[in-house]
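Residue numbers (this note's numbering), protein chains in the order written: chain F, 3 to 422; chain G, 12 to 400.
In case anyone wonders, no lab produced these hints; they're calculated from the structure. Model, not experiment: these values are computed from the prediction. Glycine included, each C-beta is placed from N, C-alpha and C at the ideal position. It cannot be assumed that every hint is accurate.
Cross-link-like lysine-lysine pairs, in silico, BS3-like; alpha carbons within 27 angstroms at most [stated by the list, open to error]: (1) K386(G) / K49(F); (2) K253(G) / K14(F); (3) K274(F) / K49(F); (4) K253(G) / K87(F); (5) K358(F) / K48(F); (6) K358(F) / K355(G).
Away from chain F, derived, C-beta distances all over 12 angstroms, residues of chain G [claimed, not checked]: (7) S161; (8) K185; (9) L186; (10) K314.
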Amino acid sequence: MLSDTDFDLLCKQCDLEKFNFSQPEEKSVDAELPVLTESELTSLLKKRSAQDSVALNFLAAGRFNNFIPSIIRARKLQSDNCSLKVYESNKATVEDKLKSLTKMPCCAVFNDDLASLLTNLLLDIKRSSVQAGIEVVSKILISATVSPSIRNVLRTQLKYHCIDLVVLDYDKNSGKLSLSQLQQFDTDEILAVVTGWPNYFGLLEDITEISHWAEKKGSQLIALSDPLSLSLIKSPFMISGGKLDYILGDLQAAGFTASQSGASPSFLASTKELSNNLKSAVTTQINFEDLAIIQLSMSVTGLSGLQHSAELSNSTLHKLVEKLTEIDGVEKKFISESLNECVIKIAGLDIEKGLKMLAGHNIVFGYILQNEYPGLTNCLLISCSDLHSNEDLEKLVSKVATMVKNLSTAGCPVKPKFNS
Amino acid sequence: MNKTGSNLNSFKRRTENWNISTSDNDDQQSQLSIAGQFSGSYLSSLEGFNRFNPYLPESTTQGLLECIQEMQTMSCSMSGLNAASLVSLSTSQAIFGCLSMINKYHMRKKRSRNTLLLCADLPQVVEAAVYSNLQVKKISQDQLEQNLDSTVAAIIVDIPNLTADEFVSESTLKLIHEMDIIIYMEGSGQYFYSLKSMPENVSFDLLNLDLGHQCETGSGVYAMLSNDKMKNYLPTPRVQLKENRFSLQTHQQSPFSIGPLNTGVGNIEKILRCYVQLRLKGTHGIQQQAMKAIVAVRYFIKKLADSGNSDACMTTGTSGLCCITINLQVSSKLSLDQGLERYKFQGLYADYVMPDKKGETQFTITLGRLHYLSKTQLDDMIELFIKYL
Chain F
3 MLSDTDFDLL
13 CKQCDLEKFN
23 FSQPEEKSVD
33 AELPVLTESE
43 LTSLLKKRSA
53 QDSVALNFLA
63 AGRFNNFIPS
73 IIRARKLQSD
83 NCSLKVYESN
93 KATVEDKLKS
103 LTKMPCCAVF
113 NDDLASLLTN
123 LLLDIKRSSV
133 QAGIEVVSKI
143 LISATVSPSI
153 RNVLRTQLKY
163 HCIDLVVLDY
173 DKNSGKLSLS
183 QLQQFDTDEI
193 LAVVTGWPNY
203 FGLLEDITEI
213 SHWAEKKGSQ
223 LIALSDPLSL
233 SLIKSPFMIS
243 GGKLDYILGD
253 LQAAGFTASQ
263 SGASPSFLAS
273 TKELSNNLKS
283 AVTTQINFED
293 LAIIQLSMSV
303 TGLSGLQHSA
313 ELSNSTLHKL
323 VEKLTEIDGV
333 EKKFISESLN
343 ECVIKIAGLD
353 IEKGLKMLAG
363 HNIVFGYILQ
373 NEYPGLTNCL
383 LISCSDLHSN
393 EDLEKLVSKV
403 ATMVKNLSTA
413 GCPVKPKFNS
Chain G
12 MNKTGSNLNS
22 FKRRTENWNI
32 STSDNDDQQS
42 QLSIAGQFSG
52 SYLSSLEGFN
62 RFNPYLPEST
72 TQGLLECIQE
82 MQTMSCSMSG
92 LNAASLVSLS
102 TSQAIFGCLS
112 MINKYHMRKK
122 RSRNTLLLCA
132 DLPQVVEAAV
142 YSNLQVKKIS
152 QDQLEQNLDS
162 TVAAIIVDIP
172 NLTADEFVSE
182 STLKLIHEMD
192 IIIYMEGSGQ
202 YFYSLKSMPE
212 NVSFDLLNLD
222 LGHQCETGSG
232 VYAMLSNDKM
242 KNYLPTPRVQ
252 LKENRFSLQT
262 HQQSPFSIGP
272 LNTGVGNIEK
282 ILRCYVQLRL
292 KGTHGIQQQA
302 MKAIVAVRYF
312 IKKLADSGNS
322 DACMTTGTSG
332 LCCITINLQV
342 SSKLSLDQGL
352 ERYKFQGLYA
362 DYVMPDKKGE
372 TQFTITLGRL
382 HYLSKTQLDD
392 MIELFIKYL
């Protein structure tokens with residue numbers, strides 16, 4: 003390290019003698035937040051992390067809590083650089099595996115998070131239409147079943163582009179985007195349609211119908227997905243009969259923790275080569291560290307490992323839902339056969355109060371949907387991962403049963419399912 | 012107990028008797044920088060943190076929110092500004108966020124202002140401006156006064172000239188304030204440095220501070236900082252402390268905010284790596300390190316220029332990085348690379364940009380963290396480069 007004496011010497015030689023930092027400035031903030039030694043900081047952060055630990059968590063909302071192999075955790079502790087050749091090779095391996103998952107001919111990975119990549123793609127589609135001399139259409143349809151947090155970021159990022167972001171309502175019975183919502187729009191006025199695969203409620207949209215509609219209207223169809231789901235369910239590109247234009251996905255499931263979701267690298271698969279503009283000017287190249295983690299994760303776990311993890315999560319979820327629905331007042335709202343997230347409804351009680359009661363036992367049961375989806379009163383988005391054991395399920399079910407019993411008998415009786 | 016204590020005291024060695032050179036302190040600082048990177052990786056992946064989900068009840072995320080709130084406070088302390096919002100994005104996206112704030116500020120005042128006066132060489136600002144419906148006019152700082160008119164939304168500056176006594180003349184600054192033009196300092200990709208070395212009358216409304224670069228984690232974490240005038244426009248969510256509880260201030264609670272730029276609060280692991288560096292070194296330590304980085308680069312460039320290689324090496328502003336263009340055959344390139352290995356072991360950052368076409372031999376090396384080397388090592392490395400240039 004450059005010593006203070008050497009620093010002064012270098013300053014003199016570079017005519018920068020006014021640099022003088024030997025005395026710290028008086029800053030009250032630094033006084034409040036003293037510099038810590040490594041052991042002090044370790045104690046502090048261990049304490050804070052323990053404070054945030056949740057014994058049982060069934061809330062995901064699109065953020066996966068699945069098992070991460072120890073080799074990937076260990077790799078994150080290293081920060082060594084790699085040669086360009088290794089970088090290119092890792093990138094090609096990852097992109098090949100993603101092509102295999104999406105079944106689409108072109109694929110690229112980016113440093114940008116999913117919401118930013120989607121913004122860039124939409125702007126690129128608009129720019130291409132302008133260049134092609136097509137009359138400028140600036141309406142983008144996005145299903146309400148796409149994660150609200152992604153929609154919020156899109157709203158911020160598209161604000162100054164004269165793009166009209168229209169949120170399409172979902173069908174209250176099926177939890178999916180209904181075709182009637184699309185049909186209210188005239189020909190040629192739609193730039194793109196964005197939907198989830200699976201959607202926010204863990205359901206599969208009627209992608210065949212949507213893609214027919216989009217093709218007829220000349221709009222681009224974009225599906226948001228992820229490697230974990232794609233390892234278990236068919237690619238929307240195949241289901242749409244090759245009519246889907248793009249699949250975008252968050253790569254969190256490929257070696258990143260839930261805390262990195264929404265900010266981890268993402269991928270874009272398409273039917274045609276990506277435009278140069280999208281590849282270079284607007285998006286950011288994936289950095290070698292993140293790429294190495296994705297590559298390692300996809301090699302160590304493999305696509306079959308991803309599939310195993312997704313299957314286990316799915317079967318655990320179904321087991322949980324079966325047990326939960328045996329409790330009076332708990333019913334399935336939206337659930338798919340093949341995914342790890344679903345919506346349940348607990349009728350006849352104050353759901354917020356119920357969740358607080360469970361939080362007292364260090365259990366996070368799920369996410370209340372009512373604030374973002376007013377039609378879904380008393381509904382919870384719940385999820386299971388490959389880390390949940392049978393004991394975890396038993397514990398949750400027992401606590402939920404007690405919670406329902408306590409709250410519903412306190413003035414909000416629920417109709418019993420069985421006469422005993 | 013007392014007896015044991017006094018016995019221990021008689022054996023205790025006094026630190027002033029160590030009698031070793033002053034470089035012990037420097038060695039310690041050097042190791043601290045590297046140790047910070049290891050502990051950052053370890054501590055940011057603690058179980059309670061890596062399960063974080065912004066949808067979790069706030070009662071179960073108080074520990075993490077406290078860390079983020081402290082980072083906001085420390086960023087304010089480093090910059091002299093008084094409100095911060097942390098984001099983990101690419102540089103262009105972070106700049107886009109700042110430009111959106113500028114747009115929204117003037118739109119709220121019902122003004123039609125779409126000119127950005129750019130007093131720096133920042134191509135990323137030019138790109139982001141296209142996405143914000145703003146027009147960039149590139150000028151030198153001397154031309155500032157003559158370009159001030161009612162269409163100007165903001166003035167964007169890089170880090171000002173270190174040797175200048177003042178940022179702009181008093182009269183120009185007065186005019187800027189009277190016209191309510193925003194002064195935005197773009198610190199992306201650059202080392203920030205002590206306020207002490209800033210020209211006297213500098214006053215910013217908005218700053219995009221590259222914390223990842225600043226904390227040497229290279230993680231794409233930015234602190235978007237503002238003064239009171241702009242703070243309501245900062246992106247959400249921001250961590251706030253109310254009645255001894257930390258909470259995320261959402262878009263609904265801050266109607267003037269430009270809205271969220273990240274889904275959730277960004278990449279927690281990367282944010283925590285910066286936090287670890289900030290707490291281990293303190294804001295003053297970070298500033299010291301930044302100034303050493305700047306001076307080490309300047310010294311390196313000066314020495315190469317003195318040896319007649321002024322065209323080969325350049326740096327922009329006070330970036331703490333320098334680019335060296337070298338013309339070498341592959342075999343010689345390998346031996347240069349081997350020569351650099353021992354400095355890389357000390358923490359030197361070296362990144363190669365190879366020629367686009369086959370047969371070309373000219374390539375570029377970007378060097379950073381030159382301050383991790385002692386002066387002797389730095390001089391040795393300069394000799395190595397002179398040999399190959």
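Does the no-contact call for K185(G) survive, Cβ to all of chain F over 12 angstroms?
holds (25 angstroms)
K253(G) and K14(F): Cα distance at most 27 angstroms?
violated (49 angstroms)
Given the hint that K358(F) pairs with K355(G), does the C-alpha gap stay at or below 27 angstroms?
Violated, at roughly 52 angstroms.
Can we confirm that no CB of chain F comes within 12 angstroms of the CB of S161(G)?
About 20 angstroms separates S161(G) from the closest Cβ of chain F, which puts it past 12 angstroms; holds.
Just double-check L186(G) for me: nearest Cβ-Cβ distance to chain F has to come out over 12 angstroms.
holds (27 angstroms)
Holds or violated: are the alpha carbons of K253(G) and K87(F) at most 27 angstroms from each other?
At roughly 51 angstroms apart (the allowed maximum being 27 angstroms), K87(F) and K253(G) break the hint.
Hinted pair, alpha-carbon criterion (27 angstroms max): K358(F), K48(F). Please report holds or violated.
holds (25 angstroms)
So if I understand the rule, the pair passes when the alpha-carbon distance is 27 angstroms or less; does K274(F) with K49(F) pass?
violated (51 angstroms)
Could you let me know if the closest chain F CB is still more than 12 angstroms away from the CB of K314(G)?
K314(G) not clear of chain F: closest Cβ-Cβ about 9 angstroms, inside 12 angstroms.
Straight-line alpha-carbon gap K386(G) to K49(F), limit 27 angstroms
violated (41 angstroms)
Checked against the numbered hints above, the structure violates hints 1, 2, 3, 4, 6, 10; every other hint is satisfied.
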